[in-house]
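Peer 1: Chains as they are written, first to last, in full-length UniProt numbering: chain A, 1 to 533; chain B, 1 to 533.
Watch out, some of these pointers could steer you wrong.
Which copy is meant is left open, so a pair is good if it fits within one copy or across any two.
Straight-line Cα separation of at most 27 Å, DSSO-like style, residue types lysine-lysine; simulated pairs [stated by the list, open to error]: (1) Lys469 x Lys211; (2) Lys448 x Lys469; (3) Lys347 x Lys317; (4) Lys434 x Lys448; (5) Lys318 x Lys283; (6) Lys220 x Lys288; (7) Lys365 x Lys429; (8) Lys448 x Lys29; (9) Lys118 x Lys429; (10) Lys115 x Lys283; (11) Lys448 x Lys85; (12) Lys283 x Lys118; (13) Lys328 x Lys114; (14) Lys402 x Lys508; (15) Lys429 x Lys516; (16) Lys328 x Lys469.
In short, the hints are calculated from the structure, not lab data.
Protein chains: 2
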Amino acid sequence: MAMASQGPRLLVLGLLLWALRPLGSHAGKLLVVPVGGSHWLSMVGVIQRLQQSGHEIVVVAPEAVLHIKEESFYTLRRYAVPFRKEDMEASFSELGHNVFENDPFLQRMIKIYKKVKKDSALLLSGCSHLVHNKELMASLAESSFDVVLTDPFLPCGAIVAQYLALPAVFFLNALPCGLHYEGTQCPNPVSYVPRSMSSNPDHMTFLQRVKNMLFVLTEKVTCNVVYSPYAQLASEVLQRDVTVQDLLTSASIWLLRTDFVNDFPKPVMPNMVFIGGVNCLHKNLLSKEFEAYVNASGEHGIVVFSLGSMVSEIPEKKAMAIAEGLGKIPQTVLWRYTGTPPSNLAKNTILVKWLPQNDLLGHPKTRAFITHAGSHGIYEGICNGVPMVMMPLFGDQMDNAKRMETRGAGVNLNVLEMTADDLEDALKKVIYDKSYKENIMRLSSLHKDRPIEPLDLAVFWVEFVMRHKGAPHLRPAAHDLTWYQYHSLDVIGFLLAIVLFVAFVAFKCCAYGFRKCFGKKGRGKKAHKSKTH
Amino acid sequence: MAMASQGPRLLVLGLLLWALRPLGSHAGKLLVVPVGGSHWLSMVGVIQRLQQSGHEIVVVAPEAVLHIKEESFYTLRRYAVPFRKEDMEASFSELGHNVFENDPFLQRMIKIYKKVKKDSALLLSGCSHLVHNKELMASLAESSFDVVLTDPFLPCGAIVAQYLALPAVFFLNALPCGLHYEGTQCPNPVSYVPRSMSSNPDHMTFLQRVKNMLFVLTEKVTCNVVYSPYAQLASEVLQRDVTVQDLLTSASIWLLRTDFVNDFPKPVMPNMVFIGGVNCLHKNLLSKEFEAYVNASGEHGIVVFSLGSMVSEIPEKKAMAIAEGLGKIPQTVLWRYTGTPPSNLAKNTILVKWLPQNDLLGHPKTRAFITHAGSHGIYEGICNGVPMVMMPLFGDQMDNAKRMETRGAGVNLNVLEMTADDLEDALKKVIYDKSYKENIMRLSSLHKDRPIEPLDLAVFWVEFVMRHKGAPHLRPAAHDLTWYQYHSLDVIGFLLAIVLFVAFVAFKCCAYGFRKCFGKKGRGKKAHKSKTH
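I would like the entire structure built from these sequences, with the hints used as guidance.
Peer 2: Following this line, the structure appears as structure tokens:
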């Protein structure tokens, strides 16, 4: 009897052990379709961790791409494209030059439009060469992957995922024109969710809300240039009608590199996972070269200065103004700069071709961070609690800078108009006005106080999609409604029609009743009246 | 030199250690203002874990309350109320009787309305006696708590939190009439988010969407009866104008006992934390009594049957129909039932006054779960992967049952109309049709596949609010907008006015120009015409 009663106990124990099995143990195959340049820099960390979890990873990238190179932790499969790496570099170099040109508004807009059109045509041709590469696509189809991890900034990976009938995980900061809201069916009320590139805060004045609304009205048009050709390409490859919306709604999980210490609180969807700061977890000790710079800085400490991985040269005049401003502070400045050194460079300023940004920001002697306010830099500033002087150049950088400024964690400079004195003032402000340090430390402590590290969270959700072949239980029914159904216009119309019909019938009944009761009398009167005439 | 270079290294190490300090180590003081009855049953687990984390916990509860009793892991402070525990029990007993009465619709609605009005007046008087208990409130004010943890189903804890100027964490399943959406400013499009108690799915037909809209239009009125008196009470106590909305928007974090394997995917807010299944983590081995029942059940296994902690008696006729149905299956049925045993009780049916529901459901010999579809039972069914026969009685139980049925994990019975045969059929269906077991196991595996256990998540967020004295960075700006600003009606009006003005000016200009160009000719013609006459 005693023996017999052990059966259920063992079964319970077995079930418990099964329930507690390490869920990450399912080793699978990931196909990664990344976007090159700075977009790649945080994705690669997640890929490395996924490989360490036992997964096999294949990265497909064009022959001409920035930053994506052979690594031991993935297999790189390159495909031929009709442009060279030099073309990509030239394109970014041109972008770097453009942002420093103080053209009139309209001329600037036309220039941006032309540049976006040119660059996106280049990138589209790259995507076209991938999806039309029969040999590569056939080999990918044979490889039986479990999931596609891709950056939807270029929805090429989304096409590949649909072609291979695989679930997709999107990895991104945000999409231009709020396309990630459309892709997730996430509501984003225009009254308090600032539109990207509007530089609006969440608490807006009436005029800011008007500006926000105007951005909504124009953003659909502006993004069409970049994204609609992908719908055509997808329709061609998948041999059915595909819209941009179809490509974006195909993701099972959206890994968003944002956090609400930086982003303003707003509605989200259940399949959005927030991994802001995923890029600043790992720290290495400084190399001897940088350690020497830091040690030599004395009590004043250092200032870290970088305009990101894509812009490393600036016009001479601007470089000289910056060098002059930097020379006026007692801190040692480490400036990542690959152009010709400005002739007025002060002694406290050290130019370097590359710097270990996150490691330097993590050093207690770092007093300030001069940044272009790209999303990676902003999160590294937050993680390490370093107040910032921001010189946003393009894209979402204006918004990032505005948000940090709103929170009192940095000073925003207009790179076109700023003088040496402006830079000096801004640096002295963030270094000596204690409120900046206090604010960034408060943001830092909020940001780092989380139940699970963003990198682990990213890995968990990629593996979740692999284990369950998607996440359909997180897909809202909104995806299956037309726009007028979503907004209940048909229901409102139907109910209004009923109300009007009832009102009409009630009116007719009343009128009939009125006539019945008073009608004869009225007619009688009339008759009487006519008789009297 | 070697020594000198150790300084920064040690500093970095110190900073790293600081960053990696156990964040849960801050021991604090929690004030818990719970709701009695079944609401308490999952909250108590979180409180126990919080006490284990080193926090001091004070629970305030009325003298007459169900389920809340002295425990070693908190200090219970009771306050006098103008009713007895027997009144509460009688109220629930009455509810239990009402649900089995097959009255015509209108009579039923009137009965429900009267009962809700009566019960909520009773509960309100309890709350009034707490907030007007000067001695207790003064002693609470002196105790310098860090946070108030409360169930906003009765917004009494929200008033206490505001009175003590403390941040609040709300712990709940959902609020009636979608009040939790208002409290969080969470969008909930009526086109695909089913209204509570509508029994609608997320993919609705046109008529279901009409029904959903009608529920929206009526729910504001129905909940006013229960909630508006709390606004009056709060205004009195806090000596300023307070609305229900003010009370609900005061929460820093909303711990919601739901999960998207049960709830339909829909928009959420950053301060909503989903801890569905928090009640079914801990399992104990079965007592000898229950182990003996399970062992004796043989190859057919057992069926667990409970209508929840609040309903334990049912009318004799219904009980006999149920007993007849249960007698027709080969499984042993463990039925929690405190009423007079039905005379036709079959040999396979064992009546018990109480049963360890979650432990029994976790036993591999359990074949089915007959439940009233309360949120606790549903999650215990999901966690343990047991297909369900559901007899929803009131409140959100209809919705829970509908969702499980939609997902093919259970069969829904109308408790008023069902016969013995219906129950037999439903039980045989969920036990022998493999799809039910497969579906519930799929839901179970999705539900249990999460990066962090719901209990740990709940504890983390309570401690987060204690550490940071709230979570203002997760509070959306929507709370500071009027309803017309939120919907941008002022902006739309303004832009429309501009468009109309521009159109008007353009029209006038055109008309003027037209007159200038053709006017004389026209007049000439006219003049000529008049001359000819």
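Peer 1: Against each hint, give a clear statement of whether it holds in the structure.
Peer 2: Hints and how they fare:
1. When the C-alpha separation of Lys469 and Lys211 is checked against a cutoff of 27 Å, the pair qualifies neither within a copy, at 42 Å, nor between copies, at 35 Å.
2. Taking the shortest alpha-carbon separations for Lys448 and Lys469, only the inter-copy value of 16 Å comes in at or below 27 Å, while the best intra-copy value is 31 Å.
3. Within a single copy, Lys347 and Lys317 get their C-alpha atoms as close as 19 Å, which meets the 27 Å cut-off; across copies the closest is 96 Å, which misses it.
4. Proximity of Lys434 to Lys448 under the C-alpha cut-off of 27 Å is restricted to the intra-copy arrangement: shortest distance 21 Å within a copy versus 46 Å between copies.
5. In this homomeric assembly, Lys318 and Lys283 never come within 27 Å of each other (Cα to Cα): the closest approach is 33 Å inside a single copy and 68 Å across copies.
6. In the homo-oligomer, the alpha carbons of Lys220 and Lys288 never lie at most 27 Å apart, since the shortest distance is 50 Å inside one protomer and 68 Å across protomers.
7. In this homomeric assembly, Lys365 and Lys429 come within 27 Å of each other (Cα to Cα) only inside a single copy, at 17 Å, whereas the closest approach across copies is 70 Å.
8. Taking the closest pair of Cα atoms, Lys448 and Lys29 come within 27 Å of each other only across two copies (23 Å); inside a single copy the shortest separation is 31 Å, beyond that limit.
9. In this assembly of identical chains, Lys118 and Lys429 lie within 27 Å of each other by CA distance neither inside one copy nor across copies; the values are 41 Å within and 62 Å between.
10. In this assembly of identical chains, the alpha carbons of Lys115 and Lys283 never lie at most 27 Å apart, being 37 Å within a copy and 62 Å across copies at closest.
11. With identical chains, the CA atoms of Lys448 and Lys85 are never at most 27 Å apart, being 38 Å at best within one copy and 46 Å at best between copies.
12. Taking CA atoms no more than 27 Å apart as the test, Lys283 paired with Lys118 passes in neither setting, with 38 Å inside one copy and 62 Å between copies.
13. Taking CA atoms no more than 27 Å apart as the test, Lys328 paired with Lys114 passes in neither setting, with 39 Å inside one copy and 77 Å between copies.
14. For a Cα distance limit of 27 Å, the shortest separation of Lys402 from Lys508 qualifies neither inside one copy, at 61 Å, nor across copies, at 43 Å.
15. In the homo-oligomer, the alpha carbons of Lys429 and Lys516 never lie at most 27 Å apart, since the shortest distance is 85 Å inside one protomer and 63 Å across protomers.
16. When the C-alpha separation of Lys328 and Lys469 is checked against a cutoff of 27 Å, the pair qualifies neither within a copy, at 58 Å, nor between copies, at 40 Å.
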